[in-house]
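Colleague: Take a look at the letters that make up each chain.
2 protein chains.
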Amino acid sequence: MITFFRAAALSVLALVTLTGAGQNSRPDESKKPLVLSSQGSFFVGGETKTTNTQATAPGGPAQNDVTVNQMYVQYQSPLTGSQHVPVVMVHGCCLSSKTWETTPDGRMGWNEYFVRRNRSVYLADQVARARSGFDASVINAVKAGQAPPSQLPNVLVAGHQAAWSSFRFGPTYNTPFPDGQFPVQAVDELYKQMIPDLNSTLPMPNPTWKNMAALAVQLHGAVLMGHSESGFFPEEAALIDASGVRGIISIEMACTTTMTPQQLAAMAKIPILIMFGDHLGDVQGRFGSVWPENFATCQKFVQQVNSAGGDAQMMDLPKLGIKGNSHMLMQDKNNLQLADLILEWIDQHVEAKKSARRH
Amino acid sequence: MITFFRAAALSVLALVTLTGAGQNSRPDESKKPLVLSSQGSFFVGGETKTTNTQATAPGGPAQNDVTVNQMYVQYQSPLTGSQHVPVVMVHGCCLSSKTWETTPDGRMGWNEYFVRRNRSVYLADQVARARSGFDASVINAVKAGQAPPSQLPNVLVAGHQAAWSSFRFGPTYNTPFPDGQFPVQAVDELYKQMIPDLNSTLPMPNPTWKNMAALAVQLHGAVLMGHSESGFFPEEAALIDASGVRGIISIEMACTTTMTPQQLAAMAKIPILIMFGDHLGDVQGRFGSVWPENFATCQKFVQQVNSAGGDAQMMDLPKLGIKGNSHMLMQDKNNLQLADLILEWIDQHVEAKKSARRH
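As they're listed, the protein sequences go chains W and B. Heads up, the first sequence is in this note's numbering, so the first residue is 1 and it goes up one at a time. Heads up, the second sequence is in this note's numbering, so the first residue is 1 and it goes up one at a time.
Same shape as in the complex, but just chain W (with noise of 0.2 Å):
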């Protein structure tokens, strides 16, 4: 454990003297012909549910069933996606998968970055978010008067006020950090991407964990990656049925500390990595604590998995001499340079077991 741990460090340190701290100074790749063996969409789970409330199209009979919980997953393949284990990548709060496309300032998102180094790629709109849709029957049935408003789902909708802070731009609304590598000018376009959030009106276990861990059962081995919200989803799905999770990636959010023995077992037999940006406690404002806690909350889980013998990683990317990442890492100027820290740690950490399991 302790020279894959030594192997990553070191090839960080040579990533960063590379291409520079905090820039990608790599050609623009997303100029050359990308080329795909197969794409697609599907989805996985969704339940059928029977109601008066939820069907409304007019000429339609007044009871009707409608599918509920699915989950809408689009994928892409390279040529030689065979050679590696498929990466799964489901957004965060009031997020739909654009959070991993073009960037807000128009570069490359991780999700083709992750095709072109030889990655199958899935993107997952969560349960009740975007192309996935969600349950309307509660609120069809408070405009029909059969339920109160009080049973009204929290809509939650982050403002740009609220985003500015909560994703760590800077210091105060409109005011960017210096070193700051969210791209500020395009600030406008994320907003954009910011979508009503309807988990309120979810089932516990959430569904999207329970179709996470399907897919990757479905896939016969993938890495999950969650961010934010969705940041620990892929444990989650993993308490549900480990048996297709063959690797974890954890980006910015709070940490479980209060699982049993039995369920650290769990996670100590898949490797995870957790990775958090910079600037935590510097927002002011509510925010300027809950980063810190978080990061607090992860750091012991870390410690927990490997005590219980796992292989969990924490990669503080300041710690690495990579400053200025902001919440929305995979959005941020330096964006590729993350992507290749983790492809290189799923190598290392996820890959490198796989092989060495067969000698």
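Don't read these hints as lab results, they were simulated from the structure. Incorrect hints may appear among the rest.
The list treats identical chains as one, so a pair stands whether inside a single copy or across any two.
[Said to hold, decoys possible] Straight line, CA to CA, 20 Å or less: simulated SDA-like cross-link-like pairs of lysine to any residue:
{"#": "1", "residue 1": "Lys31", "residue 2": "Gln146"}
{"#": "2", "residue 1": "Lys333", "residue 2": "Gly145"}
{"#": "3", "residue 1": "Lys32", "residue 2": "Gly81"}
{"#": "4", "residue 1": "Lys300", "residue 2": "Met259"}
{"#": "5", "residue 1": "Lys333", "residue 2": "Arg107"}
{"#": "6", "residue 1": "Lys333", "residue 2": "Gly40"}
{"#": "7", "residue 1": "Lys31", "residue 2": "Asp179"}
{"#": "8", "residue 1": "Lys319", "residue 2": "Thr297"}
{"#": "9", "residue 1": "Lys319", "residue 2": "Phe295"}
{"#": "10", "residue 1": "Lys333", "residue 2": "Val187"}
{"#": "11", "residue 1": "Lys333", "residue 2": "Gly285"}
{"#": "12", "residue 1": "Lys32", "residue 2": "Pro261"}
{"#": "13", "residue 1": "Lys333", "residue 2": "Phe42"}
{"#": "14", "residue 1": "Lys210", "residue 2": "Gln63"}
{"#": "15", "residue 1": "Lys319", "residue 2": "Gln303"}
{"#": "16", "residue 1": "Lys32", "residue 2": "Ser150"}
Just so you know, these numbers come straight off a predicted model, no measurement behind them.
With chain W fixed as given, assemble chain B onto it according to the hints.
Modeller: Coordinates of chain B only, in the frame set by chain W:
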């Protein structure tokens, strides 16, 4: 004009003979590598709205700015895409851009097929749907007691029974037409695509129309394609700004028959293709009359545009010997045959004219 129509009709007959009516006998092209010159996603439109009822992110300020009315667009360009006019596809009610992707039974969708036929393809999620998000302020205002429940939007959800009937899969629920082209064995996968429709929250004119017109300008000319709820959106977009609209493809909707002479003169400058499937009057219940009525309005619209000197064509598939098509004809078993008809129409009515103009 007559020669254009005759050429189109003859080639349609040739195609039907070649491929067999109602079947795709071509080899599975989706197994060949797909080469893209570029891909990505971006937004068109969007306005900032300040409100104290919309942003409920915990820890955020009481009053927040949010972005509304933006349209999410995902695109792919083939290597030779610049030789053809780009095609913009917009989905219908209670659906997302998933409409155009992998079919419910796992075949290639029009999005990829058009790219393989050397067109740049732009998929737009309608404003207030899927990755475009929606304005949740009324819902949150009602929950907060600031507005009565009667002001809640009418959230349109097409249930399974309503979809089976309105999409014309068969005469009654779960009974398919013997010659039906929809892959009914996979209808559950279609039901997963059906998501709540919040268009009732939109201002008029619908921001999607303006955004489609703006996208066409941004692309220096595009063919706009709509279906069902969005079937007439290309025409609406052209009435707002026709300068980028090189061609219109309207699939299965009601047409406006009350345009002014000025509006019809604007329509007459744009080649227009209208396509309808089979069994328009063959479903029981209300939709048994809706589709024949819609068809009649479009017949009239075609006559009006052509009387104004335009080039509008009604492609009535059964009249061409192509039987059994449902409302979801881009997902029907013969979907690529229908795509070829559209591509040929674009070549002859949009692009041949472009060449002709050059002489």
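Colleague: If a hint holds in the structure, say so; if it doesn't, say that too.
Modeller: A quick look at each hint next to the structure:
no.	hint	verdict
1	Lys31 to Gln146	neither (55 Å within a copy, 51 Å between copies)
2	Lys333 to Gly145	neither (50 Å within a copy, 43 Å between copies)
3	Lys32 to Gly81	both (18 Å within a copy, 15 Å between copies)
4	Lys300 to Met259	within (11 Å within a copy, 68 Å between copies)
5	Lys333 to Arg107	within (9 Å within a copy, 38 Å between copies)
6	Lys333 to Gly40	between (29 Å within a copy, 17 Å between copies)
7	Lys31 to Asp179	neither (28 Å within a copy, 46 Å between copies)
8	Lys319 to Thr297	within (18 Å within a copy, 67 Å between copies)
9	Lys319 to Phe295	within (13 Å within a copy, 66 Å between copies)
10	Lys333 to Val187	within (13 Å within a copy, 43 Å between copies)
11	Lys333 to Gly285	neither (25 Å within a copy, 57 Å between copies)
12	Lys32 to Pro261	neither (49 Å within a copy, 49 Å between copies)
13	Lys333 to Phe42	between (31 Å within a copy, 17 Å between copies)
14	Lys210 to Gln63	neither (28 Å within a copy, 36 Å between copies)
15	Lys319 to Gln303	within (17 Å within a copy, 71 Å between copies)
16	Lys32 to Ser150	neither (53 Å within a copy, 54 Å between copies)
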